[in-house]
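S.K.: Below are the chains, spelled out letter by letter.
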Amino acid sequence: GAVVSQHPSRVICKSGTSVKIECRSLDFQATTMFWYRQFPKQSLMLMATSNEGSKATYEQGVEKDKFLINHASLTLSTLTVTSAHPEDSSFYICSAIPDGSIQYFGAGTRLSVL
Amino acid sequence: GENVEQHPSTLSVQEGDSAVIKCTYSDSASNYFPWYKQELGKGPQLIIDIRSNVGEKKDQRIAVTLNKTAKHFSLHITETQPEDSAVYFCAAITGANNLFFGTGTRLTVIP
Chain A
12 GAVVSQHPSR
22 VICKSGTSVK
32 IECRSLDFQA
42 TTMFWYRQFP
52 KQSLMLMATS
62 NEGSKATYEQ
72 GVEKDKFLIN
82 HASLTLSTLT
92 VTSAHPEDSS
102 FYICSAIPDG
112 SIQYFGAGTR
122 LSVL
Chain B
-7 GENVEQHPST
3 LSVQEGDSAV
13 IKCTYSDSAS
23 NYFPWYKQEL
33 GKGPQLIIDI
43 RSNVGEKKDQ
53 RIAVTLNKTA
63 KHFSLHITET
73 QPEDSAVYFC
83 AAITGANNLF
93 FGTGTRLTVI
103 P
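The listed protein sequences derive, respectively, from chains A and B.
Each residue of the first sequence is one higher than the last, beginning at 12 in my numbering.
Each residue of the second sequence is one higher than the last, beginning at -7 in my numbering.
No lab work stands behind these hints, which were simulated from the structure alone.
We put the beta carbon where it would ideally sit given N, CA and C, even for glycine.
There's no promise every hint is true.
Unchecked claim - Here are some of the chain A residues that sit facing chain B, going by a computed Cβ distance under 7 Å: (1) V30; (2) F50; (3) S54; (4) L55; (5) G72; (6) Q114; (7) G117; (8) G119.
Please build the complete structure, drawing on both the sequences and the hints.
M.R.: Dropping the structure here:
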């Protein structure tokens, strides 16, 4: 299957700082990538759809100024959590679609905000 | 929008027994149903999928069935092994490629 790489796998930061998470499609081009958030023992919740060369589409309730998404190339999308606070601590996961409908997921990034 | 329900939330089986996880969906326009396995601290991995024009699909010990009329689909794992222990998510996709996840099932295979 297609490979989606996510970096870093784990990040710990101080409250008020910004954190950038990268999502790369290694063996295919992805015009669309997705960003999810997952709290412990819960399902994945879609945060936003990242579109190459255009603005991301955010789900209801997700602050676009808080979670900045940039999809500058066909193989890279980044999620920046700005002015992070402890309540932003979560597991963030990206996915991409090589073709058709199948979404392949990255390994996730565990963010801990102190 | 689509609403996917998944049962049970936890499931324990003895090694070698079968495990069945069931999901229902609400949007009749949904046409693709993947199943993902998520191990602790990792991202979901696609294990099997089925499209709306097919009633059943099998891949070794894993099978998925779909009943479009009743809007439900199920995952069947036979001859379970300890390495099958994980959280399993069903999902449904509409034409817009939006993936709607079920709430997950934590499967524990007891050696």
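S.K.: If a hint holds in the structure, say so; if it does not, say that too.
M.R.: Right, here's what the structure says about each hint:
no. : hint : verdict
1   : V30  : 18 Å, violated
2   : F50  : 12 Å, violated
3   : S54  : 5 Å, holds
4   : L55  : 5 Å, holds
5   : G72  : 13 Å, violated
6   : Q114 : 6 Å, holds
7   : G117 : 5 Å, holds
8   : G119 : 5 Å, holds
In the structure shown, a violation is registered for the earlier hints numbered 1, 2, 5, in ascending order.
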